[in-house]
Amino acid sequence: MTEFILRGEALTRTFPDGDVRALRGVSIQVQAGESLAIMGASGSGKTTLLHLLGGLDRPTSGEVFFEGKPLAGLNIDAFRARQLGFVFQSFHLIGTLSAVENVQIPMFESDLSRKARENRALSLLDDVGLAHRVNQRTTRLSVGERQRVAIARALANQPKLILADEPTGNLDSQNQAEVLTLLARLRQQHGLTLIMVTHSPEVAASADRVIIMKDGLIVNT
Amino acid sequence: MRFSTYILRNMLGRRARTTLTVLGLAVGIAAVMVLTGIAWGFERSFQAIYPAKGVDLIVVRAGIGNQLSSNLNVNIGETIRGVSGVLDLAPSLMDTVSFEDANLVAVLASGWVPESILFRGLRILDGRTLKTGDGRVTLLGRVLALNLGKKMGDMLSVAGETFEVVGIFETESLFENGGLIMPIQELQKMMGRGGQVTGFVVAAVNSGDAESLRALGKRIEAKVPGVAALPTREYIAADLQIRLSKSMAWATMAVALVLGSVGMLNTMVMAVFERTGEIGLLRALGWRRSRILALILGEAIGLGLLGVVVGSAFAWIGIRLLLLSPNARGFVDPQLPPSIYGIGLVMGAVLSLLGGLYPAIRAASLEPTEALRHD
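Going down the list, the sequences are from chains A and B. If you're matching positions, the first sequence starts at 1 in the working numbering and goes up one per residue. If you're matching positions, the second sequence starts at 222 in the working numbering and goes up one per residue.
One chain only, chain B, in its complex shape (with noise of 0.2 Å):
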């Protein structure tokens, strides 16, 4: 028989016990990967907007807290573009509209100039891309059609306005792919924004520099007082909603810790409680109280890892139940890569160490016959 063996069987003899610890465990587990999942893939859709259009510089007003709430006067466009290192630019609308009768809140609605940068990287999937001239037409995001029940030359009421789908797109982004796309004089009217933008995008001429960049958006921000003018990367990383999401994942994994670490602690405070007698009689038998140690920690260890497994396969479920699911859709992009795994692993052995620590030092400095006579 192996030492790890006994564990084992320690684990397999009391199966009620063993299932609730890790079904507990495992539900901590799964939210963390979840909720980290979401986060991670709503910064990696994000990320994938700006290079596929070879956008290297946002320019959106400076202290604001939600880029969305960024708003400039479009006509500063022309001074931006005099600065030197410019080597085009856009403005861009965003804003977000909702389509109750199909159960979507906050789909992102985005103004642009026909024929601008912004129209790189976009995939016409059926019917044409936005021109010069165009009125009251929309193209549709993949998943926004998708979700509606739309297709190209139906007409689509948006914020109680009608508007004909001319175009259904896609690019790499979940976000564009959820939303739709207008021509940015429409979507100012309708929101009574005329002639606001949230921000600029500009691209450089020397887009690969990252030191280049940041010092034309210094030279932008001092022609243009008032904006602030950032790499794409840094303007992301700065973005309220994946601060939010990063947030809500980093204090799920807190409260999954607290509560994981005091489930593990009382499934090993009564396993060491119940077992004073067998602990006593290995102490009589001359086992070494490091060996005591290494036996409860072995089982807290040994209940992390089933943890770990299980809760990845809930995570697993749970995102693809996520995707399935209407009112996810389009919004979150969840990914499940190797390193969120990885924050899995690490979770199930803190939380193994933190729940079996004190009662395998407790069970380790039983005396045998007081051990003992616990029978």
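So here's chain A without its partners, still in its complex pose (with noise of 0.2 Å):
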């Protein structure tokens, strides 16, 4: 029987505001090591599915589970803390802090001294290609540099997963492909496995399995 690092069951979300329903009943299984990439017109459903499994918000109804352990009865901070990285669109970079500090955010909730943090946040920014710019403040790097410290602090923990809203989204076509790039090789290094939200068809040809979302519901995988 396959081993499915995480899986989706009848995933429904309905937001109250408007009596939005974004996800219908979606089920979704996604294999450790593989890289996934969702896709859709906006409004599909697809960055709440994101989210949901990622546990950054709680379906109306259905099950995500990790590792075959569902979510709901995780430490749910803990999870997102030590299990995932998250990459978004716009960066979501802190603007006060250099690209080292914006490294070692996630790395508050581990148990590493402030020493190993710092040494760690140094390595992760030399594999993204950014050791000489490591004391910037993240608003004096370019886009693709900022992606590039987004992607270091999503691995600042060691997850086993990488979440990515429409990663390349901000970027030109240049920093596009070496951000695709880097992810490839740092998912091969780390063993990581990849879920990737994007409107790219160059994103999705990145990935190992595209899925396709309409109104709610997965319609083509």
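Derived by calculation from the structure, the hints in this document are not laboratory data. Fair warning: there could be bad hints in the mix.
What the hints assert, rightly or not - If you anchor each label on the Cβ, the simulated ranges turn out as follows:
{"id": "1", "chain 1": "B", "residue 1": "241", "chain 2": "A", "residue 2": "158", "range": "38 to 48 Å"}
{"id": "2", "chain 1": "B", "residue 1": "586", "chain 2": "A", "residue 2": "68", "range": "22 to 32 Å"}
{"id": "3", "chain 1": "B", "residue 1": "494", "chain 2": "A", "residue 2": "60", "range": "26 to 36 Å"}
{"id": "4", "chain 1": "A", "residue 1": "189", "chain 2": "B", "residue 2": "483", "range": "52 to 62 Å"}
{"id": "5", "chain 1": "A", "residue 1": "73", "chain 2": "B", "residue 2": "483", "range": "35 to 45 Å"}
{"id": "6", "chain 1": "B", "residue 1": "268", "chain 2": "A", "residue 2": "135", "range": "53 to 63 Å"}
To be verified - On the chain B side, residues computed to face chain A include the following (Cβ under 10 Å):
{"id": "7", "residue": "222"}
{"id": "8", "residue": "223"}
{"id": "9", "residue": "227"}
{"id": "10", "residue": "234"}
{"id": "11", "residue": "499"}
{"id": "12", "residue": "588"}
{"id": "13", "residue": "589"}
{"id": "14", "residue": "591"}
Just so you know, even glycine gets a beta-carbon here, dropped at the ideal spot from N, CA and C.
Could you use the hints to bring the two separately framed chains together as a complex?
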């Protein structure tokens, strides 16, 4: 029997304001080490699905399982801190902090000492090719560099899963290609499972598997 | 990076907001510290008057609100002297006079019997003390002489009467240093209070024993109806001016706490609102609610501590400026002992908690998706 790292069963999500049914009974399985792209038009429910899989939101009905255990039974903060790394379209970096400080933010929820946190952040920034920019405030970095800082931050607590919401949505084609190459290399290097929400056919083409959503349902896989 | 570094960066990253909040807190804290310092100095100065003279009890009219308005017949002094346990006593008439040319109002004028126990602890800096048989002469306290620009041998107009300055004195008390002393009969004449005194100071046989002093006071009150005979410490604590200055300090503290906590609340609510997306990110990255709470409260405490530091500096400067002012010199002796810095610190902590707790709880209760959507 195939072991799934992440599994969603009959997931629905209704938002009370406006009675919007963003998901209407979605089931999904993700294998460990797999790279999955979720595509679909705006409003198709792909970001809502990503949020449910990442424990950022709770389904109205249905259940998400991580390594066979329901998320509802886990300490959700600890799950997000230790098992997941998030990459967002708009980077969500903290402008008052430098690149190396941004990467350390998730590590406050780990048992690492201050020195160990700093060393790990420096090593991750070196890994994404930003060793020369570690002390720069993120507001002074280019958009491509910012996304690389965000990717380094996603790896801070050595997660098993990376969830990326439009990871190249704000990047030009050259930066997009560089970020995709970087994600592919890091996935292999760290043995990660990668789930990406995207509009981009190039991003989808880089994934092992693509699912397409429409009106809150998976219509093609 | 330490957790505290993140807090500090958040404060430094919004300098205008941090500066304005700290200034607002500092002004409130400084006002409370200065007023408490004035009240503290006021009481301390009063407390210094009597021990140096060996005075144990003060006898004034019972039931009066303001000690200066006490009015007793000078002849009851002999009755009090006959009470067992009284070693010595002296009548004292106190009133206030103004020197408007020098912009001095409510200067303490004391009428004393020359060579009485009230002159103990008086150091004559220039000239001589009062002696039996003196008429229109006066002694000026060091600060009053300075404020009036008078020296020994000068003539001085007091409430329309002319007096010769025969000496300049100094005591441990700021009030006495800022006032003048004349023979009691001259002040009685000048104020139209012939045969009247404000009260009597009494030296007891058992001066160190609080219980004996209270018992002596009771005996005097029993012997002379209508008087209150209080140990000096209780008399000072009941003084209207001291009670007023303490009340003002407490009232200012209450107002400063309300205004300061509203200011802090406003700042921290705005901080949480501006950073909803950032807080959502932290929650998405797995930060516990308690850590978010600590982050926002940490910022409020940081602002409060900065307010205490700047407020203490303002208070220190304010007190020095007050002492340079001719209107205040000789009338107030503000002090900033460590306990008043402690009051400032406690105030800063209370303001931080009052103003920071609600925004911190609100930030900690944000759901990650709701907060991330804010951006």
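Have a go at the residue 591 of chain B hint: is there a Cβ in chain A nearer than 10 Å to its own Cβ? holds, 9 Å
Interface hint compliance - residue 588 of chain B to chain A, C-beta minimum distance less than 10 Å: holds, 7 Å
Have a go at the residue 589 of chain B hint: is there a Cβ in chain A nearer than 10 Å to its own Cβ? holds, 5 Å
Interface hint status, residue 222 of chain B versus chain A (Cβ within 10 Å): holds, 5 Å
Hint check: is the beta carbon of residue 234 of chain B less than 10 Å from a beta carbon of chain A? holds, 3 Å
Evaluate the given range 26 to 36 Å for the C-beta pair formed by residue 494 of chain B and residue 60 of chain A. Given a distance of about 28 Å, which is inside 26 to 36 Å, the answer is holds.
Minimum beta-carbon distance criterion (10 Å), residue 227 of chain B to chain A: At 7 Å from the nearest chain A Cβ, residue 227 of chain B passes the 10 Å test, so the hint holds.
Should the hint that residue 189 of chain A and residue 483 of chain B are 52 to 62 Å apart at their CB atoms be regarded as holding? holds, 53 Å
Given residue 223 of chain B as an interface hint, is its Cβ closer than 10 Å to any Cβ of chain A? Hint holds; residue 223 of chain B Cβ to chain A Cβ min 6 Å, cut 10 Å.
If you check the beta carbons of residue 73 of chain A and residue 483 of chain B, does the distance land in 35 to 45 Å? holds, 44 Å
Per the CB criterion, is residue 499 of chain B less than 10 Å away from chain A? holds, 6 Å
Outcome of range test on Cβ distance (residue 586 of chain B, residue 68 of chain A; 22 to 32 Å): Cβ of residue 586 of chain B to Cβ of residue 68 of chain A: about 31 Å, so the range 22 to 32 Å holds.
Of the numbered hints given earlier, the model fails none.
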